Amino acid sequence: MIDIDQYAYNNNFSSFHPLEKSFFALFTILITLTANSFMTSIIVISVISLMLITAAGIPFKFYLKLLFIPLSFLIIASITAVVSFSRELNNYFFYFELGGWFFGLESKSLNTAVLLFLKSFASICCLYFLTLTTPVLEIISVLRKFKLPEIVIELMMLIYRFIFVLLDTADLIRTSQLSRLGYSSIKKSFFSIAKLISNLFIRAYYRAQGLLTALVARGYDGKIRVLERKYSFSYKNIMIIILFETFLIIISIFGGGNFV
Amino acid sequence: MVILSKKVLEAENVVFNYPDGTNALDGLSLSIEKGKKIAILGANGAGKSTLFLHFNGILKPKKGNIKFRGKKVSYKKKELKNLRKNIGIVFQDPDMQLFSSSVFQEISFGPLNLGLSETKTRERVDEAMQIMEITNIKDKPTHLLSYGQKKRISIADILAMKPEVIIFDEPTVWLDPKHSKEILGFINQINKKGTTVILSTHDVDLAYQWADYIYIFSDGKIIGEGNSEKIFRDNKLLKESDLIKPWIIEVYEKLIQNGKISSTVSVPKSKSELFELI
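In order, the protein sequence lines correspond to chains C and E. Following the working numbering, the numbering of the first sequence begins with 165 at its first residue and continues without gaps. Following the working numbering, the numbering of the second sequence begins with 26 at its first residue and continues without gaps.
The hints are simulated quantities; they were obtained by calculation from the structure and are not laboratory data. Because the structure is a prediction, the values reported are computed rather than measured. Beta carbons are placed, not taken as given, at the ideal position from N, Cα and C, and that holds for glycine. Hints are supplied without guarantee of correctness; some may be wrong.
Said to hold, decoys possible - Straight-line C-alpha distance at most 20 Å; calculated SDA-like pairs for lysine to any residue: (1) E/Lys165 with C/Asp332; (2) E/Lys102 with C/Tyr384; (3) C/Lys394 with C/Ile317; (4) E/Lys32 with E/Asn107; (5) E/Lys145 with C/Ile388; (6) E/Lys62 with E/Lys217; (7) E/Lys88 with E/Gly52; (8) E/Lys187 with C/Val380; (9) E/Lys165 with C/Phe180; (10) E/Lys106 with C/Phe180; (11) C/Lys359 with C/Asp335; (12) E/Lys92 with E/Lys103; (13) E/Lys165 with C/Val380; (14) C/Lys387 with E/Ile83.
Stated by the list, open to error - Partial list, computed: chain C residues near chain E (C-beta under 7 Å): (15) Phe202; (16) Leu375; (17) Gly383.
Given the sequences, and given the hints that come with them, work out the whole structure.
Right, dumping it as structure tokens:
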């Protein structure tokens, strides 16, 4: 998670307007999900992966590792979608018998499963595109533009900031416990981790108090007002996005599948 | 010599105790002159930070008064706003002060609270970032920055509000010598532009060389005040307040003791002045 955060700030797309990146990711997901086309998903997977690795500069190995995380879930889900069993022999193209039951693969459900797999995988790639190129802060600023309630925005802003503060604190406590053999046996580990967590709660409370004092000192009156950094739209990017999405729609309609 | 000086901040017999019963301030009085460099020394828990929160109107004295520009603070909403606009506090731990992961957002918070327009705020933010030399890190998230960089942002936070007085709560603590010198340089630069600076510290050498006027706190009271020479040559006071002597004065007094220089020679204020004597 922390690595994703780091790449989000240090990639070749980081200066692009967050709205451009969000629209690109969301529209592509929308088209992939609505299109019943193998072709669309495969194009989305390859184009986005290529973009991330070659243009954005995300290391191939790291990206591959990220893809493996949802892959196991996807494969398990697809298998359950494709394997069916019954008392009678259906039109399985592959089957085996076990205690009077037939377990087998139907060509129709295999099609559905592969399509399901490809669609989900393509959508994951789109989401990775957004998370790897767009820092959380910018995603928050996009949500602000979409008039999400102020309280949600403020909470997201504070939570994002204090995840790291709390992680640092947890790290310090753990180091000091480790240096005093706090994790030398299973029993001690349980004890230490319990202490760490309870301590973290107390620190979080203390931090919240301190933060409030610091905010009030700067004139806080119940509303956190901040200015966003300015981004400029690039006509080139917008054109590329429009062209790509149109291309995807055309592929979805004419190439390989019916567009729902 | 009569110099009419303007008192910008005053505390008059301020008494304050925390809900848990600790007597944080025990009838404390002091006054801060405009444009000066004031150092406040004292052990942990002597009441320095508590006083700072009083100056900013966050804490209200149980007894006694806080005065701003000679006028008693009444703790009305409008007046508090004015007080917080003019008295800025740079807190000790920047991780406690910074609430946003974005440097720009962070610094824009203060000016926007003053009711400034967006254009004006952007100007203020840019200016503050320029002074603190952090323009190059403005696109980085706070959690990827070093402690020293966060410290600079926490100062820019306050600078963007252009207060009349800036209070620094132990600004050099946890900083290495190089960075603490840098931060001190920024503080001096801010002071030269006319901002009154109050700084709390445990570093006697720093206080001696830097301050125009020094207050020594102990148990919520002031047990000594004056210019740095007066404070640090007062052995009884130093003993009472558990402070050590700045090394420059120690060397100077040793030189007099050994007859190397006469006692009429004035006390050197800095390392280079001391070396000239030797």
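Status of each hint after checking the structure:
1. E/Lys165 with C/Asp332: OK: E/Lys165 and C/Asp332 at ~18 Å, within 20 Å.
2. E/Lys102 with C/Tyr384: At roughly 12 Å apart (the allowed maximum being 20 Å), C/Tyr384 and E/Lys102 satisfy the hint.
3. C/Lys394 with C/Ile317: Holds, at roughly 18 Å.
4. E/Lys32 with E/Asn107: holds (17 Å)
5. E/Lys145 with C/Ile388: holds (18 Å)
6. E/Lys62 with E/Lys217: Roughly 10 Å between the alpha carbons, so the hint for E/Lys62 and E/Lys217 holds.
7. E/Lys88 with E/Gly52: At roughly 8 Å apart (the allowed maximum being 20 Å), E/Gly52 and E/Lys88 satisfy the hint.
8. E/Lys187 with C/Val380: Holds. E/Lys187 to C/Val380 sits at ~16 Å (cutoff 20 Å).
9. E/Lys165 with C/Phe180: This hinted pair holds, its Cα atoms lying about 15 Å apart.
10. E/Lys106 with C/Phe180: violated (38 Å)
11. C/Lys359 with C/Asp335: Within the cut-off at roughly 13 Å; holds.
12. E/Lys92 with E/Lys103: It holds: about 15 Å lies between the C-alpha atoms, which stays within 20 Å.
13. E/Lys165 with C/Val380: violated (25 Å)
14. C/Lys387 with E/Ile83: holds (17 Å)
15. Phe202: Violated: closest Cβ of chain E sits about 39 Å from C/Phe202, beyond 7 Å.
16. Leu375: With Cβ-Cβ at 6 Å, under 7 Å, it holds.
17. Gly383: holds (3 Å)
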